[in-house]
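Those protein sequences? They're chains D and E, same order as listed. For the first sequence, position 306 matches number 306 in the working numbering, and the numbering has no gaps at all. For the second sequence, position 122 matches number 122 in the working numbering, and the numbering has no gaps at all.
No lab work stands behind these hints, which were simulated from the structure alone. Cβ atoms here follow ideal geometry from the backbone N, Cα and C, with glycine treated the same way. You may find that some hints are simply not true.
Stated by the list, open to error - Facing chain E, according to a computed beta carbon distance under 10 Å, are these residues of chain D, among others:
| # | residue |
| --- | --- |
| 1 | 34 |
| 2 | 127 |
| 3 | 190 |
| 4 | 193 |
| 5 | 247 |
| 6 | 255 |
| 7 | 305 |
| 8 | 309 |
| 9 | 334 |
As the list claims (entries may be wrong) - DEER-style ranges, computed between Cβ atoms:
| # | chain 1 | residue 1 | chain 2 | residue 2 | range |
| --- | --- | --- | --- | --- | --- |
| 10 | D | 170 | E | 168 | 41 to 49 Å |
| 11 | E | 275 | D | 341 | 31 to 39 Å |
| 12 | D | 273 | E | 231 | 46 to 54 Å |
| 13 | E | 106 | D | 84 | 55 to 63 Å |
| 14 | E | 277 | D | 84 | 50 to 58 Å |
| 15 | D | 20 | E | 134 | 52 to 60 Å |
| 16 | D | 84 | E | 356 | 15 to 23 Å |
What the hints assert, rightly or not - Where chain E lies over chain D, by a calculated footprint (3+ residues, C-beta under 8 Å):
| # | segment |
| --- | --- |
| 17 | 71 to 80 |
| 18 | 93 to 103 |
If you want the building blocks of each chain, they are given just below.
Protein chains: 2
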Amino acid sequence: MPKLLLDKERCLRNMENMARKAASQNLGFRPHCKTHQSAEIGSWLRDFGVDRITVSSFSMAHYFAKAGWKDILVAFPFQPGEIENLIDLSGQCELSILVDSPASLPFLKHIPQRINFYLDIDTGYGRTGIKSENTDLAEQIIVKAGANKHLYFRGFYCHAGHSYKPGSPDDRKRIHQKAIKDLEGLKKHFNTLDPKLLYGDTPNCSTQQAFGELDEITPGNFVFYDLIQFAMGNCGLDDIAVAMECPVAGRYPSDERILVHGGAVHFSKESMLMQGRSIYGQLVQQAESGWLQARKTLYLNNLSQEHGLMEQCGDLVNRVSIGDRLLFLPVHSCLTANLAREYLTLSGERITNIHSS
Amino acid sequence: MPKLLLDKERCLRNMENMARKAASQNLGFRPHCKTHQSAEIGSWLRDFGVDRITVSSFSMAHYFAKAGWKDILVAFPFQPGEIENLIDLSGQCELSILVDSPASLPFLKHIPQRINFYLDIDTGYGRTGIKSENTDLAEQIIVKAGANKHLYFRGFYCHAGHSYKPGSPDDRKRIHQKAIKDLEGLKKHFNTLDPKLLYGDTPNCSTQQAFGELDEITPGNFVFYDLIQFAMGNCGLDDIAVAMECPVAGRYPSDERILVHGGAVHFSKESMLMQGRSIYGQLVQQAESGWLQARKTLYLNNLSQEHGLMEQCGDLVNRVSIGDRLLFLPVHSCLTANLAREYLTLSGERITNIHSS
Numbered sequence: 001m002p003k004l005l006l007d008k009e010r011c012l013r014n015m016e017n018m019a020r021k022a023a024s025q026n027l028g029f030r031p032h033c034k035t036h037q038s039a040e041i042g043s044w045l046r047d048f049g050v051d052r053i054t055v056s057s058f059s060m061a062h063y064f065a066k067a068g069w070k071d072i073l074v075a076f077p078f079q080p081g082e083i084e085n086l087i088d089l090s091g092q093c094e095l096s097i098l099v100d101s102p103a104s105l106p107f108l109k110h111i112p113q114r115i116n117f118y119l120d121i122d123t124g125y126g127r128t129g130i131k132s133e134n135t136d137l138a139e140q141i142i143v144k145a146g147a148n149k150h151l152y153f154r155g156f157y158c159h160a161g162h163s164y165k166p167g168s169p170d171d172r173k174r175i176h177q178k179a180i181k182d183l184e185g186l187k188k189h190f191n192t193l194d195p196k197l198l199y200g201d202t203p204n205c206s207t208q209q210a211f212g213e214l215d216e217i218t219p220g221n222f223v224f225y226d227l228i229q230f231a232m233g234n235c236g237l238d239d240i241a242v243a244m245e246c247p248v249a250g251r252y253p254s255d256e257r258i259l260v261h262g263g264a265v266h267f268s269k270e271s272m273l274m275q276g277r278s279i280y281g282q283l284v285q286q287a288e289s290g291w292l293q294a295r296k297t298l299y300l301n302n303l304s305q306e307h308g309l310m311e312q313c314g315d316l317v318n319r320v321s322i323g324d325r326l327l328f329l330p331v332h333s334c335l336t337a338n339l340a341r342e343y344l345t346l347s348g349e350r351i352t353n354i355h356s357s
Numbered sequence: 001m002p003k004l005l006l007d008k009e010r011c012l013r014n015m016e017n018m019a020r021k022a023a024s025q026n027l028g029f030r031p032h033c034k035t036h037q038s039a040e041i042g043s044w045l046r047d048f049g050v051d052r053i054t055v056s057s058f059s060m061a062h063y064f065a066k067a068g069w070k071d072i073l074v075a076f077p078f079q080p081g082e083i084e085n086l087i088d089l090s091g092q093c094e095l096s097i098l099v100d101s102p103a104s105l106p107f108l109k110h111i112p113q114r115i116n117f118y119l120d121i122d123t124g125y126g127r128t129g130i131k132s133e134n135t136d137l138a139e140q141i142i143v144k145a146g147a148n149k150h151l152y153f154r155g156f157y158c159h160a161g162h163s164y165k166p167g168s169p170d171d172r173k174r175i176h177q178k179a180i181k182d183l184e185g186l187k188k189h190f191n192t193l194d195p196k197l198l199y200g201d202t203p204n205c206s207t208q209q210a211f212g213e214l215d216e217i218t219p220g221n222f223v224f225y226d227l228i229q230f231a232m233g234n235c236g237l238d239d240i241a242v243a244m245e246c247p248v249a250g251r252y253p254s255d256e257r258i259l260v261h262g263g264a265v266h267f268s269k270e271s272m273l274m275q276g277r278s279i280y281g282q283l284v285q286q287a288e289s290g291w292l293q294a295r296k297t298l299y300l301n302n303l304s305q306e307h308g309l310m311e312q313c314g315d316l317v318n319r320v321s322i323g324d325r326l327l328f329l330p331v332h333s334c335l336t337a338n339l340a341r342e343y344l345t346l347s348g349e350r351i352t353n354i355h356s357s
């Protein structure tokens, strides 16, 4: 069956590069662990001075708290269905949550101990958060939360996810600069509360050079990167640290088509357009250790549940045999890794994740 | 967190309808279990006379063999990486595999006991299989396999998956009729071997009325159906037996937007176009037991890893509160169910699946 290979050296290099960048900009570093969802991979971050993390669900927070992390931000607007998880976790670590509505606060009335909260700020992405100009709403929440002695306002959080939308490097720079400016404005407006500014998405953290008065960055995808990040110019193809190894299960020379075992339950259905066609992975060439860019650029361009097809693959169909193993870089490593039960390093070590039984 | 709700009554009704249809057409019924991937849900099929199943991987075959199934077809072209699994399984059940190339046969040389094989036939889908007119290739494989005393040729298998491609009911009928005609041609050509004809995809098995000389049908999705099947006219909205229950985590009235906890790791990134936009789920209304069609048709139209957004949701944003639970029908129930760790029936019973720990 397909295996998710992990090039640990690349992963460590990606971690080191991002940690260095944060340090050089005098920024705290609170990496998002939703990409790898692995206690062991998370532990590698400690060697780069990381002592706090970001996650996107309470189940992930539980998993990483159990793995010994003591400072965890759940970067998803708090909703009351999680109150028991929250109370449980607040006894295990310094727990921070996101709030973007006063309606969430009554549900936090009976928390028995300290919880930090950040206001989730929308600088233009349009997914979650208080619009950055709406200081009234921000103030209303801060004041209302002040009545709860266990609820601590810590600052503002922004995921400028519109950095992923199509656009030029200049467009992305404008998105980044507006986000910084908006967050700085909030810091100034609420300066008596000494708010911290948390910010982070892999595109901006990888490519931008000016971070103003930000305090911490929270990128996640950078540990593995993927084809989306590569296509945006946020990493090199040689920075992508995971590849799916898929056995060849069929050869159809007259149609120039290869079937591999590797489908939507392995890669996810995340696609991107290349030359007008949806693709789900890019072929790389197996090397003595790991993989190299293939001489010819070929894609996995049709997926069903377990089937992956390389169509119009030209002469390759004559050079592979049933049982050979082909390697593909994933379009979106977060979703691909989420479907895996483990990683296999190039030295053959199995690395568990949150889904390992 | 999001929960995958299962309306057991609908699921049983879907099973009963398909079993009746097979019986009325004098067809064997070998349902595909890749949709539910659950031993318990699979066991319900026994009440409708089912004693044989189809799966799409050896890990699924293992899981269902352990659950007591004694006749299992792995409907994916055999590749040699699975040889140990195959040998192991052949001691536990009557195992059938698909073959579409003579190159697979040498890997089966040392099987210690009986394995059945079907030739995978391509009647126009273009995913796997021997093109139906290529009787020479079929014969070549059958003859070569004959040298292996443990390898039994049982017949022809066809998944006419091009029935899912856009087209009119007449187009789909033509696809179906061609598949039947092609398979009947093969049956006639190889009549001395008394080959069985296996066929099945949910669209054709749900809507077509003439199955010629087919022997068994192997549909899978029908147990749950989903929005893709509904859009094609293969089921009613009231036949869809699973819905994702997602807590409301954010309300953004000025943008007519609602955030739910329910993202790509719950629904999958499978999308379909509705009114020119990609959608990932359709809102249904919670009822005393289960759910009903909502008065207004609204969609989940933006997904990230854990976030689901209903955009342009109109007045609904004023009628929901943070913590409310909204229900959505999935676009593709196979991929949604594959991401779940369990099902929750309307009476609150937890039903495990292959991923439950």
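Residue 20 (chain D) paired with residue 134 (chain E), Cβ distance criterion 52 to 60 Å:
holds, 58 Å
Does residue 334 (chain D) meet its interface restraint, that is, does its C-beta lie within less than 10 Å of any C-beta in chain E?
holds, 6 Å
How does the Cβ-Cβ distance of residue 273 (chain D) and residue 231 (chain E) compare with 46 to 54 Å: does it lie in that range?
Given about 23 Å between the Cβ atoms, the range is violated.
Mind checking the CB of residue 255 (chain D) against every CB in chain E and telling me if the closest is under 10 Å?
At about 7 Å, which falls below the 10 Å cut-off, the nearest Cβ of chain E leaves the hint on residue 255 (chain D) intact, so it holds.
Whether the CB-CB distance between residue 277 (chain E) and residue 84 (chain D) falls inside 50 to 58 Å
violated, 37 Å
Note whether the CB distance of residue 170 (chain D) and residue 168 (chain E) lies within 41 to 49 Å or breaks it.
holds, 46 Å
Is it true that residue 275 (chain E) and residue 341 (chain D) lie within 31 to 39 Å of each other by Cβ?
holds, 38 Å
Restraint satisfaction for residue 305 (chain D) [CB to CB of chain E, less than 10 Å]:
Residue 305 (chain D) check passes; min Cβ-Cβ to chain E is 6 Å, inside 10 Å.
Holds or violated: 15 to 23 Å for the Cβ distance of residue 84 (chain D) and residue 356 (chain E)?
Given about 21 Å between the Cβ atoms, the range holds.
Is the hint on residue 127 (chain D) kept, meaning its closest Cβ partner in chain E is under 10 Å away?
With Cβ-Cβ at 6 Å, under 10 Å, it holds.
Taking 8 Å as the C-beta cutoff, is the stated coverage of the segment 93 to 103 of chain D by chain E satisfied by three or more residues?
holds (count 3)
Taking the closest Cβ pair, is residue 190 (chain D) under 10 Å from chain E?
Status violated, d = 21 Å.
In summary, the numbered hints that this structure violates are 3, 4, 12 and 14.
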